[in-house]
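Peer 1: So the protein lines, in turn, are chains A and B. Reminder that position 301 of the first sequence reads as 301 in our numbering, one-by-one numbering, no gaps. Reminder that position 74 of the second sequence reads as 412 in our numbering, one-by-one numbering, no gaps.
Since the hints were made in silico from the structure, they are not lab data. The structure displayed is predicted, hence computed values, not measured ones. Virtual Cβ for every residue (Gly too), placed ideally from N, Cα, C. Take these hints with a grain of salt, some might be off.
DSS-like mimics (lysine-lysine), calculated; alpha carbons at most 27 Å apart, straight line [stated by the list, open to error]:
#1 A:207 x A:283
#2 A:64 x A:78
#3 B:416 x B:402
#4 A:78 x B:359
#5 B:416 x B:359
#6 B:402 x B:351
#7 B:621 x B:402
#8 A:283 x B:416
#9 A:61 x A:13
#10 B:399 x A:64
#11 B:402 x A:283
#12 B:621 x A:78
#13 A:193 x A:61
#14 A:78 x A:13
#15 A:61 x A:21
Some residues of chain B that are not near chain A, with every Cβ distance over 10 Å (derived) [said to hold, decoys possible]:
#16 361
#17 471
#18 523
#19 552
#20 667
2 protein chains.
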Amino acid sequence: MNQTVKIRLNDVKTLAHDILKGAGYGADHAQSIAEMLYTCQLDDCQSHGLFRLFMCIDTIKAGKIDGQAEPQITNPGKAIIRADARGGMSLLAMQAAMPELIDKTREFGVAAMAINRCFHFSALWPEVERLSAAGLAAIAMVPSHSWVAPAGGTRGTLGTNPLAFSWPRQGKMPFTFDFATSAFARGEIELYKRAGKPLPDGVAIDKEGNPTNDPDAALGGAMLTFGGYKGSALSIMIELMAGPMIDDLTSLESHEFAEGKGGAPYHGEIVLAFDPAQFSGGKLAENDARAERLFADIIDQGARLPSQRRFAARERNLHRGYVEIPAALHEDLLALLP
Amino acid sequence: MNQTVKIRLNDVKTLAHDILKGAGYGADHAQSIAEMLYTCQLDDCQSHGLFRLFMCIDTIKAGKIDGQAEPQITNPGKAIIRADARGGMSLLAMQAAMPELIDKTREFGVAAMAINRCFHFSALWPEVERLSAAGLAAIAMVPSHSWVAPAGGTRGTLGTNPLAFSWPRQGKMPFTFDFATSAFARGEIELYKRAGKPLPDGVAIDKEGNPTNDPDAALGGAMLTFGGYKGSALSIMIELMAGPMIDDLTSLESHEFAEGKGGAPYHGEIVLAFDPAQFSGGKLAENDARAERLFADIIDQGARLPSQRRFAARERNLHRGYVEIPAALHEDLLALLP
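Start from the sequences, fold in the hints, and give me the full structure.
Peer 2: Structural data, given as structure tokens:
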């Protein structure tokens with residue numbers, strides 16, 4: 001970013017909340033979305049911070065989301081929580097069901113939450129980090145739209161299907177990752193297009209199914225998964241577990257449902273949580289030390305743990321009490337205020 | 339393979355059983371190992387079939403395994419089964435605890451099994467396929483020895499850490515994958531060495547941490563994960579969940595424990611199981627159709643589902659009543675008979 005604007009931490013939430021309310025989201029939806037945008041912005045995660053307000057507004061404009069939907073929470077299995085978003089944004093349902101997921105995980109040792117019938121735009125790391133902050137290990141998965149070809153295929157069938165994981169560390173920031181199973185994020189290809197730069201090899205195919213380095217051909221064709229056939233298999237697992245297993249849409253079906261109208265995709269999400277205290281049979285300290293030795297061995301050889309940059313940003317921004325966003329973004333956001 | 343020998347299906351188990359008993363494995367361990375070798379050999383999975391008898395024998399010779407160990411099954415959490423192999427091979431413990439994992443999954447919707455303090459040599463797909471045969475979805479993970487460098491690192495810290503998944507399909511073979519999170523299997527590098535062929539890029543680094551195509555330098559250095567930093571993150575997740583989370587060794591610790599003596603590594607394993615009938619709130623048929631549409635869309639574009647070749651081999655071998663193995667392997671196996 002060239003010119004930036006400083007926004008005080010409290011003002012991040014207020015700005016987001018006011019824009020969302022003005023666009024037609026109910027107060028509790030506006031609050032839960034603003035909370036997520038704040039969490040991402042605090043970590044300088046620009047792609048999932050205030051910038052996402054545009055997608056939230058586009059989603060309302062596309063006309064399918066219910067900005068007032070009241071989530072409904074049920075238990076289809078003893079260790080399963082279903083948070084039915086009932087056609088609203090995912091976050092209010094997630095926020096409402098999260099305490100029960102934590103309780104169930106502590107009760108059974110392992111539990112799962114399905115968020116259903118939701119519009120979804122958010123990063124997954126804030127959700128798994130909410131669980132690791134409660135001392136639990138967690139995995140989250142979502143489908144998206146069918147922009148990604150399976151290994152050996154010629155057209156989009158899979159979503160960008162992110163996978164997130166967080167592991168609680170005693171007195172330290174957690175070990176967290178959150179990555180798309182596509183080689184590139186959709187937005188990255190758009191950035192290459194805007195910059196007039198060729199894509200690296202292995203990122204996309206054209207509409208005939210041939211490898212391409214042309215961002216336009218890629219956007220008209222299909223993206224590829226990371227890691228060849230292994231990444232492709234993993235992406236199919238995410239389709240199944242966060243789609244048909246929980247009675248919700250695949251990326252193919254979500255794509256069709258959108259009818260090209262834009263905004264956030266509509267589908268489900270699955271979150272798995274594990275209580276290491278129970279799994280380790282009470283030997284938590286000994287096993288924490290084991291995990292820490294692993295992390296130390298990684299860092300000692302000059303490798304980075306995922307999310308280290310994000311945690312550094314969080315510490316800095318909390319300390320100084322403000323975040324920085326591009327001035328142009330700030331101007332565009334102010335124009336969205338009612 | 340050049341010259342092959344046909345072995346009738348029943349004789350596969352008998353041969354394995356007799357060799358294992360003769361080497362010092364108790365009858366129930368010999369049975370559970372022979373069952374696994376048969377399952378793999380039936381699918382022409384040569385790398386994990388009868389060939390693995392050599393590793394089983396080496397493991398006994400290395401002197402650390404208890405060939406008579408009696409597994410102990412406990413419940414450290416309501417939906418957690420711990421199968422303590424007590425220093426024996428993993429398979430008897432797995433076999434003993436599997437029915438309880440299935441029961442718990444049906445009771446709670448989701449459940450987990452930790453296999454602890456075991457020597458481990460086997461593929462993971464037979465275990466997740468045992469669960470998908472019971473109508474459950476399943477994930478399995480194990481660490482190994484610290485031969486694999488994390489992304490951006492210079493030395494071995496992670497194991498080859500395989501991840502397996504199986505999804506039940508109505509009236510069809512399941513959707514299953516089972517892959518190492520290292521770019522290559524350790525054995526593949528040995529094969530390149532024997533053939534005098536250079537390794538592809540991105541598979542290994544030498545002992546100074548520089549990229550190498552030389553199999554010898556790779557064996558003296560470290561392997562790399564598949565898929566760059568994403569594969570590396572996934573491998574660390576496997577270390578944590580199949581290691582410290584379940585009160586068992588990381589690949590670093592397993593490597594140290596072995597003291598260079600060879601044979602199967604000693605560590606833990608985690609298996610997660612999910613009951614789609616509960617997750618989908620009773621709408622199983624509708625969601626099965628959704629998954630089948632996804633598979634059909636993948637196959638329709640000329641891509642393959644993982645394990646298709648293996649399932650074809652199984653069908654052929656069951657039909658004709660025998661498997662084929664290399665004549666040289668058969669001769670070496672006969673020499674192991676007591």
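Peer 1: Hint by hint, note whether the structure agrees.
Peer 2: To see whether the hints hold, each was checked on the structure:
1. A:207 x A:283: 54 Å, violated
2. A:64 x A:78: 32 Å, violated
3. B:416 x B:402: Answer violated: residue 416 (chain B) to residue 402 (chain B) is near 32 Å, above 27 Å.
4. A:78 x B:359: 43 Å, violated
5. B:416 x B:359: Given that 27 Å is the threshold and the Cα spacing comes to 36 Å, the pair is violated.
6. B:402 x B:351: 25 Å, holds
7. B:621 x B:402: With a Cα-Cα distance of about 50 Å, the restraint between residue 621 (chain B) and residue 402 (chain B) is violated, given a limit of 27 Å.
8. A:283 x B:416: With a Cα-Cα distance of about 17 Å, the restraint between residue 283 (chain A) and residue 416 (chain B) holds, given a limit of 27 Å.
9. A:61 x A:13: Holds, because 22 Å separates the two Cα atoms, which is no more than 27 Å.
10. B:399 x A:64: The hint is violated at about 66 Å.
11. B:402 x A:283: 24 Å, holds
12. B:621 x A:78: 17 Å, holds
13. A:193 x A:61: The given pair, whose Cα atoms are some 26 Å apart, holds under the 27 Å limit.
14. A:78 x A:13: 36 Å, violated
15. A:61 x A:21: At roughly 14 Å apart (the allowed maximum being 27 Å), residue 21 (chain A) and residue 61 (chain A) satisfy the hint.
16. 361: Correct as stated: the minimum Cβ-Cβ distance to chain A is 32 Å, above 10 Å.
17. 471: Check passes; 17 Å lies beyond 10 Å.
18. 523: 12 Å, holds
19. 552: 21 Å, holds
20. 667: 27 Å, holds
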